[in-house]
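Can you build the whole structure from these sequences, using the hints too?
Residues per chain, in single letters:
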Amino acid sequence: MEKEKKMELLEEMLEMDAGTLREDMILSEMDEWDSLSMLSLIVLIDEEFGKTIDSTDIRKLVTVKDILDIMCQ
Amino acid sequence: MASGKLRNLSIRGIICALPDNKVLTVSRENVFGKETVDKIIESTGITSTYRVLPRQTASDLCFHAAENLIKKLNWNKEDIGILIFTSHAPDYKRPATACVLQGRLGFSQDCMAFDIGLGCSGFVYGMSVIGSIMQNPDIKKGLLLMGDMSSVSTDPDTTNNLLFGDCGAAVAIERNEECEDIDFLLKTDGTRYQSLLAVGGGYRHQNNHNDYCYMDGNNVFSFSISDVVKTIKEFMDSWDICTEDIDMLALHQANSLIMKNIAKKCKISLDKVPISINHYGNTSSSSIPLAIVDSLLRNNIQKKEKYRVIASGYGLGLSWGVMNFVLESSMKVGMLYTKTYFDDGHYGEGEENV
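Protein chains in written order, with my numbering: chain Z, 1 to 73; chain Y, 1 to 354.
Hint data in this document are derived by calculation from the structure and do not stem from the laboratory.
One should not assume that every hint holds.
Computed cross-link-like contacts, DSS-like style, restricted to lysine-lysine with a CA-CA straight-line distance of at most 30 Å [claimed, not checked]:
id	chain 1	residue 1	chain 2	residue 2
1	Z	LYS51	Y	LYS332
2	Y	LYS303	Z	LYS60
3	Y	LYS34	Z	LYS5
4	Y	LYS339	Y	LYS304
5	Z	LYS6	Y	LYS264
6	Z	LYS6	Y	LYS39
7	Y	LYS72	Y	LYS306
8	Y	LYS264	Z	LYS51
All values derive from a computational prediction rather than experimental measurement.
Set out below in structure tokens:
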């Protein structure tokens with residue numbers, strides 16, 4: 001999947017306007033990154049990439065780029 | 001494999017008892033703030049829960065459900081050969097609560113009684129255990145009780161507490177030569193026990209009195225949409241069950257997002273999935289019988305003479321399972337509300353004889 005498409009999926013998941021999400025954004029500083037969006041990410045990775053991530057994986061996420069990296073693995 | 005087939009057993013009735021104390025989720029705004037509470041309601045759909053009253057316990061709810069079910073069925077208590085109480089909220093550290101219930105219910109001494117210490121998988125485990133023992137034809141009638149009071153066992157200062165309600169359920173099972181088989185498949189993964197854990201209150205950490213249940217929500221969520229789905233698919237493949245054969249997919253009411261995800265992945269239409277979490281919250285071991293009774297009483301499920309049900313419970317352990325069974329529309333169902341509790345005559349510090 002193209003990086004642009006992944007960013008679109010994440011923007012949709014985080015209910016952000018198109019084109020506003022950047023790779024270097026720090027998740028802990030984003031209002032949109034809360035416990036509910038973490039569950040949404042688990043579903044997104046599961047449905048779109050067929051992978052199961054858990055708390056350990058989520059704790060390691062610092063920036064948006066880390067989410068993109070998980071999608072690539 | 002922990003699977004099996006149970007023959008000659010039918011479910012004669014299910015009654016659920018709720019504490020007569022409805023708490024609206026919005027009423028907790030004073031503790032958690034409006035924004036947080038609104039978000040929880042939006043994401044979980046939980047608009048109310050029923051919470052035990054002071055001194056009321058899970059076994060009191062089960063007792064009330066059991067008494068009413070026995071009366072409705074016109075059963076002779078002498079005929080009940082097995083009583084199982086499935087719960088992680090026992091009345092005492094010892095003895096088993098099932099023994100106390102056997103005495104309170106006035107069952108004969110010719111009745112085996114014991115507890116199963118599980119949570120949200122309690123219904124499928126309880127049914128599998130009671131059904132397996134009742135393969136012995138000497139036991140004609142059995143009672144499976146499931147109850148928890150997670151409103152008390154989760155920290156009231158955390159938002160997790162908003163997700164849980166209390167309930168007790170009673171399921172009556174009888175030997176019947178003319179009924180369809182029940183199949184089950186049970187699993188455990190103790191390497192993930194810390195995902196749902198109350199550290200204090202046991203013997204491992206005797207100086208730790210914090211017995212609130214901690215929940216790693218992300219891990220539990222991942223487990224539910226991956227392992228549980230795999231097991232339901234494995235079960236359906238093993239017993240050659242098509243989605244068209246199912247009238248009801250009765251899932252543990254943990255979270256509506258989880259239930260929708262499981263139904264979608266198993267390709268089972270959502271209108272076959274009873275969803276009652278919005279009215280009662282997550283009631284742990286009793287959530288499957290509560291969802292079944294609620295949907296039958298509200299006519300949320302298409303009316304039939306017979307319902308072919310697949311049930312799946314999943315939770316602390318981690319422990320999960322799947323089973324199928326047939327419910328006849330003639331079986332007794334009911335929903336009760338109670339303020340009663342068992343006054344055992346023991347009063348500790350801070351407790352009053354009320």
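Here is what the structure says about each hint:
For the hint linking LYS51/Z to LYS332/Y, the alpha-carbon distance of about 43 Å lies beyond 30 Å, and the restraint is violated. Between LYS303/Y and LYS60/Z the alpha-carbon distance is near 49 Å, which puts this suggested pair outside the 30 Å criterion. As the CA atoms of LYS34/Y and LYS5/Z are separated by approximately 35 Å, the hinted pair breaks the 30 Å bound. Distance check on the hinted pair: LYS339/Y and LYS304/Y sit about 34 Å apart at the alpha-carbon level, beyond 30 Å; violated.
Proximity of LYS6/Z to LYS264/Y is assessed by CA-CA distance (about 22 Å); at most 30 Å being required, the pair is judged to hold. Distance hint between LYS6/Z and LYS39/Y is fulfilled; the C-alpha atoms sit about 26 Å from each other, no more than 30 Å. For the suggested pair LYS72/Y and LYS306/Y, the alpha carbons sit about 20 Å apart, so the restraint of at most 30 Å is met. Taking the CA atoms of LYS264/Y and LYS51/Z, the gap is about 17 Å. The hint holds against a cut of 30 Å.
Violated hints, in rising order: 1, 2, 3, 4; the structure is consistent with all others.
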